[in-house]
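**Q** For reference, the chains in residue letters:
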Amino acid sequence: MLRIAGGTVYDPANGIAGEVRDVCVQDGKIVADVPAHARTINANGMVVMPGGVDIHAHIAGPAVNAARKLSPEEHRGDVVERTEIMRAGTGGTVPSTFTTGYRYALLGYTTVVEAATPPLAARHTLAEIRDTPVIDAAFLILMGNNLPVFELIRSEPARVREALAWYLRSTGGYGVKLVNPGGVEMWKRGNGNVTSLDDEGPGVTPRQVLETIAGAVDDLGLPHPVHVHCNNLGVSGNYRTTLDTLRTLEGRRAHLAHIQFHAYGGKPGGRPRSRAPELAEYLNDHPELSADVGQVMFGPAMTMTADAPVSATLREITHGKWVNADTEAETGCGIVPFAYRERNYVHALQWGIGLELFLLSRDPWRLVLSTDHPNGGSFLSYPRLIRLLMDREFRNEQIKRVNGKAMKRTVLLDDLDREYTLEEIAIITRAGPARQLGLRDKGHLGVGADADITIYVDDADREAMFAAPRHVFKDGHQVVEDGELRATGPGRLLRVGAEYDDTIEPTLEKLFEARYSVQFSSYPVREPWLLEPARTVAAR
Amino acid sequence: MGEATCGGCGCLCDDIEVTADGLVRTCPLGDAWFALGDRPPVARVDGREVSVGEAADAAAAILREARAPLVHGLAGTSCEAQRRAVALAEAAGAVIDVGAVAAPAIGWSTATFGEIRDRAELVVFWRADPVVTHPRLLERLRIDPGAMIVVDSELTATAEAAGVFVEVDDDFEALWALRAAKSGLAERLRAAGHVVFIHGPLDELTALALHSLVRDLARDRHAVTLGLRAGNARGAEDVLAWQTGFAGPVDFARGFPREAERGEHDAELVVAAEVATVTVGSRVAFATAADGIEVAGTAHRMDGVPVPLRAPRHSDRPSIEDVLAAIEERL
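Quick note, the sequences are listed as chains A and B, same order. Counting from 282, one number per residue, gives the positions in the first sequence under this note's numbering. Counting from 13, one number per residue, gives the positions in the second sequence under this note's numbering.
A portion of the hints provided could be inaccurate.
As the list claims (entries may be wrong) - Residues on chain B that point at chain A, a partial pick, calculated with CB under 7 Å:
| hint | residue |
| --- | --- |
| 1 | Asp26 |
| 2 | Gly111 |
| 3 | Ala115 |
The set of hints was computed from the structure by calculation and includes no laboratory data. Ideal placement from N, C-alpha and C gives every residue a C-beta, glycine not left out.
Sequences are here, hints too, so could you generate the full structure?
**A** Next comes the structure, spelled out in structure tokens:
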């Protein structure tokens, strides 16, 4: 039992914005009160928030692991020693599994969504999640270039929902992700791609894939709507594709991943311009849609994506390391180490577009924080990003330092003087992501919520404040005390419970034989040690 | 009795049936892998049969006293046991070497079996003789002999099955020449829309040349590589990389992972060099239950695809994972 006494509490989901009050914990949950003899933590003058919830990051699975193998030089320079409670590891933009768990906990984050797993590789992702301590983790399965599903879209679209539910149950996945629908399959066929939603591509158009799968996810009532990485990522002029995607999805719920990378004007092949205002306005007007920003932060990054043709383009820019990995029937994967530089026009513009999106958003619940870790920068850069949003003076100094031509292409120089409040930060880093994920026990401090709690020392330097929480609790256990890691138990897998009609199995089995190289019976993950401890979140 | 996954090579064929009449769909390597034969007692110290606990005590004492212990082997066990082996190496301050080389510095392009089977127009076997080392690979990838080119220093069994055999002495020179030259082979590579290189073990320089060639080719066509690996060698490399950030040999002597040179050691823990064994130095030996035959788990095929290892037979022996955990507890 625990009482966090006298802290200034930010719990936006329960309408609490900076009230001094107690937060009580028993058996891992928030309760209304605890007896006087309960352990008390004096939080006077401190800021109390729910544990952070990362809606879109790349932390586990074959792509992440390939990036680790690709970057030994990063790991040499950032080592973590074994202690009584910690396994050894390495950091950099793509830390080892144990280090990933520890560093998220030290940042006050307690729930993270791995945003792109080939369902065929679920066992690998699950095994890495098992070795990622402290945090609860969920993963999204890549379904935007899935050949059996394409076949169903052509022949029996009404059964796509059953297929999605089967894949989710077979993998322990939480939600459905689409990455460049149709385009990645064309890439694997011979370095092709699609460039519009009506490209015939692999026998179905991107528009058909979007409509059918978004509709199927809605029908299934999954807690998290379809999670979309649009076509034409990074291409100048792609905001048209993004708007076309949003219009196509209209009336259905959807979450748009890292929209910063999809908010560019200009002509394909030419210099990008910002179209953030148009996208921000569209999102503001459509309550069924949500997005994470995918902010880029200056410094080192590791681009890794199921959108393999994008990586081939990046390879020709960096002339550095490049990985391509094709997964049969499901997806591709590309990895290119990258660095965003302040003086580079494109990088500065991307940075500016991310900030524009944040500052023009009218609903923080639906436009939430991400760097698409590690694509736009490491999750360790979130505190700096929070300072950019909360501290106008700091932001304006940064704006002066970066490429001026790029800044002129944004509205950042036009008196965009908004400063995020602590309440809004609590929304974009915990309450909002939890709501978009449909995680009812996360992202708030109401009675019955998971006792995942972060306590910060209030500090005018918001970067320093958010970089080093004083105390962090996970399920009521203190995992960080006075800024030091204290306990490192396992986190749990968050998976979805979706029902399906068993008659989909013989249909899928037939589609499998010609497309996969594993037996149908090998596909579903049944190993209990990979699937436990878990919480199953039911579909509506 | 039932379904099984064969650990006889890195193909990890998951369509094996174990019936009363024997094995279905195994190759000669698979038949040998499933035949466990007569096994010695579970635990021995200096040749004397002892309890598992006693042997684990002796193993832990050897590792504690060693200044530079080495953990190696690991291709013949599950990812679950490999995970335990990395933990043990870390706790012992040992070097762990799963036999993998550091990843190619420029990166790589690869694909799973199904992609190669369904898309490859031309498959070059570079110092790879899967007919001998991975007997069902050609069947599983459905490679047409006319689409096969074998490059090796001598005529191999795979070369005999192929349409074209090219003899090489110096791999690096041959690969580098292919990047520029207008040889017949270079022209065939450039004429294909989807090219695959299947290769055996390569030294660092040859690997760099091969991946450079593939990267050149990949600009104008799809081009991928597939490295032939033993059993669950790929799993060992993957587990080590996710736990430490490095795929090559890792040294935990300083309490954190750093890349190790292959070199001297004064005690070794060998995991599954032969099926279902763990040995520590010359004194301690365990004959465990066999992963994939008597113990369930997971393994990574040489293309990275994780597959389940089943347990069609029962054994009362402890698993490799159990033995490694018992040793680690005692460190």
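**Q** Now look at each hint and say whether the structure bears it out.
**A** These are the hints, each one checked on the structure:
For Asp26(B), the shortest C-beta to C-beta distance to chain A is roughly 5 Å, which falls under 7 Å, so the interface hint holds. About 15 Å separates the beta-carbon of Gly111(B) from the nearest beta-carbon of chain A, more than 7 Å, and the hint is not met. Because the closest C-beta pair between Ala115(B) and chain A is about 4 Å apart, less than 7 Å, the hint holds.
Violated hints amount to a single one, hint 2; each of the other numbered hints is respected by the structure.
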